[in-house]
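Participant: Spelled out from the first residue to the last, the chains are:
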Amino acid sequence: MAFDYDKWIRPGKLPHIWCPGCGHGIVMKGLIRAFETLQLKKEDTALVSGIGCASRLPGYIDCCTLHTAHGRAAAFATGVKMAKPEMNVILVGGDGDGTAIGGNHFIHACRRNIDMTYIIMNNYIYGMTGGQFSPCTPTGHKASTTPYGNPDPGFDIAKLAIGAGATFVARGTAFHANQIDKLIVEAIQHKGFSVVEILDDCPTTYGRRNKYKSVIEMMNRLKEVAVPVKAAEKMTAEQLQGKVLTGVLYKEEKAHYTDEYAKVIERARAAK
Amino acid sequence: MSKKVAFMQGNEAAAHGAIYAGCTFFGGYPITPSTEVAEVCSIELPKIGGKFIQMEDEIGAMAAILGASLAGAKVLTSTSGPGLSLKQELIGYGCIAEIPCVIYNVMRGGPSTGMPTGPSQSDVMCAKWGTHGDHPAICLTPASVQETYEEVIRAFNLSEKYRTPVMVMPDEIVAHMRERVVFPEPGEIEVIPRKAPTVPPEQYKPYDTSFGDVPPLAAFGSGYKFHVTGLNKMQDGFPTTKAEIVQAEEERQVRKVEANVDDIASFEEYMLADAEVVVVAYGSTSRSARYAVNVAREQGIKAGMFRIKTFWPFPDKQIKALAAKVKGFVIPEMNLGMCSLEIERNAQGKAPVLGIFRVDGEPINPDQILEKIKEVK
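So the protein sequences, as listed, match chains A and B.
Using the numbering used here, read the first sequence as starting at 1 and increasing by one per residue.
Using the numbering used here, read the second sequence as starting at 1001 and increasing by one per residue.
Source of the hints: derived by calculation from the structure; they are not laboratory data.
Only a predicted model underlies this, so the values are computations on that prediction, with no experimental measurement involved.
Just so it is clear, CB atoms sit at the ideal spot from N, CA and C, and this is done for glycine as well.
Some hints here could point you the wrong way.
Distance condition first, Cα-Cα at most 25 angstroms in a straight line; then the derived DMTMM-like pairs of lysine to aspartate or glutamate [unchecked claim]:
id: 1; chain 1: B; residue 1: K1205; chain 2: A; residue 2: E86
id: 2; chain 1: B; residue 1: K1302; chain 2: B; residue 2: E1375
id: 3; chain 1: A; residue 1: K42; chain 2: B; residue 2: E1375
id: 4; chain 1: B; residue 1: K1205; chain 2: A; residue 2: E43
id: 5; chain 1: B; residue 1: K1317; chain 2: B; residue 2: E1251
id: 6; chain 1: A; residue 1: K159; chain 2: B; residue 2: D1236
Some but not every residue of chain B turned toward chain A, in silico, with C-beta under 8 angstroms [said to hold, decoys possible]:
id: 7; residue: G1049
id: 8; residue: A1063
id: 9; residue: L1070
id: 10; residue: P1200
id: 11; residue: E1202
id: 12; residue: H1227
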């Protein structure tokens, strides 16, 4: 049976702004399937983003949507969640938005373990501004501001999230489309701060500067580097060279922020 | 029954005023000399079921209050100096997305780290011109602890009434001095609630000007779903670059304040009826100015004071009227001449404007003001 995406798409808002070959649309479809699987109520769901190509996603989805300023999604969303803890709060954005200008808000949302889900579309580049290197651009790769190759080492977003205290961290790719909704479902169901990194592609500003001849080649690379965590257990360090683990990378049950603050309110009232 | 009275700081009074006004969410970051506001909020808000959050930085604090306001809460943040600079990015977001919020900024020496414990009045221009782009500005400058309490309540009211960020800017002296505060009874001071939508969710548009220049704002999680962005937007909240819409929306946002100056502006006229020399002062400096005016009167000089309580929108009309009939203005301020520029703009050369500018972290004393009053011929 064909899946009814239209239920979650705002009438009249398509076509989207993304280039042909961009994986953001694949992620958006995964997100819609996840929302539908969980039967989320549109009125009780807030979708919050920053600035960039990926951050335009909320405009297309029919729920409470907040397109904030560059890097600030996690901090705005924290305010929404604190004021209305019963809402489902989901964040979307890109690698530059989330880990450079928004890096501080990101790690502190992880640390608080506030019950929200952050979907980061990592295409290794600032796409909207024309392809400058991001904290996730691999060393040596080219961007419009690294014409001689990127001297910076890149972030591993999943490790960053785990290190900062996120209690659910998963990784998928735009190639493995059917896995995306499953990871997002599990992330939203998790109580605490959950991060889903989706390795994505930007053929327009990253691919063409780094010798990818086509979108298919970029998608094939995602297919080749991805190794499910279960499969990785049976592989040698040598075999894992240059590979990226996918699936649920980390999960921990732990007190989460809005519950903890409810206890603060109880203690304050008792002390009155 | 007699009213509740307390002896407290301006900063403490600000937190209590916010709670009287219905504030249920505070997002902040520690910074001298405003931290007491956060401390009192952390104690008092959870007692009433409200929320206090200390964010990772000043920008995050501003973002959190905007998010909470969109979810229906009345919100406050407090800051000072460098913190105000950091908050400017998202103060602009609050202006364009039209999200009510109150920013309490204690003016300390600057620029940069400057003099964190020294008083200053050098943020008044930052209140209007700090964030980029054209936008409305409301900024209140209280001069006593009681007035800080009351002006914070008024700031919440203006913020909800005009659906825009409002700043309260005491100087460090007002923020840290201790005075007697008489708390109003519940209902004694009007508290304005947010204008809720009257249309069903499917007809709701967050910037629907058929309801006037200030469209009702629904809350996330209240059955309404809508889009909010920092881009120039249409009435339905979605971005646009259509010239005529952008022009009209930008003008409306500014008009919300500029067309309602008589409702927003507040000032005190002290011995102005026959005054020939007018001291224009605000904040703690007005306390020295009042003393100087009294001494000048004792010496037979017809001096008076125009005390600005609402710095933005600026009381243009009143200053223009005074300029037409007085011999001169004296402007004492703890900066290198900010209010003076506004007075000069309004005086249009009809009356001389004499400034007393101090940025050394010391208050301006009455003698300095009296001396300057005598210079007006």
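Participant: Now, for every hint given, state plainly whether the structure supports it.
Facilitator: Outcome of the hint check:
no.: 1; hint: B:K1205 to A:E86; in the structure: 24 angstroms, holds
no.: 2; hint: B:K1302 to B:E1375; in the structure: 13 angstroms, holds
no.: 3; hint: A:K42 to B:E1375; in the structure: 68 angstroms, violated
no.: 4; hint: B:K1205 to A:E43; in the structure: 15 angstroms, holds
no.: 5; hint: B:K1317 to B:E1251; in the structure: 21 angstroms, holds
no.: 6; hint: A:K159 to B:D1236; in the structure: 40 angstroms, violated
no.: 7; hint: G1049; in the structure: 6 angstroms, holds
no.: 8; hint: A1063; in the structure: 3 angstroms, holds
no.: 9; hint: L1070; in the structure: 6 angstroms, holds
no.: 10; hint: P1200; in the structure: 12 angstroms, violated
no.: 11; hint: E1202; in the structure: 11 angstroms, violated
no.: 12; hint: H1227; in the structure: 5 angstroms, holds
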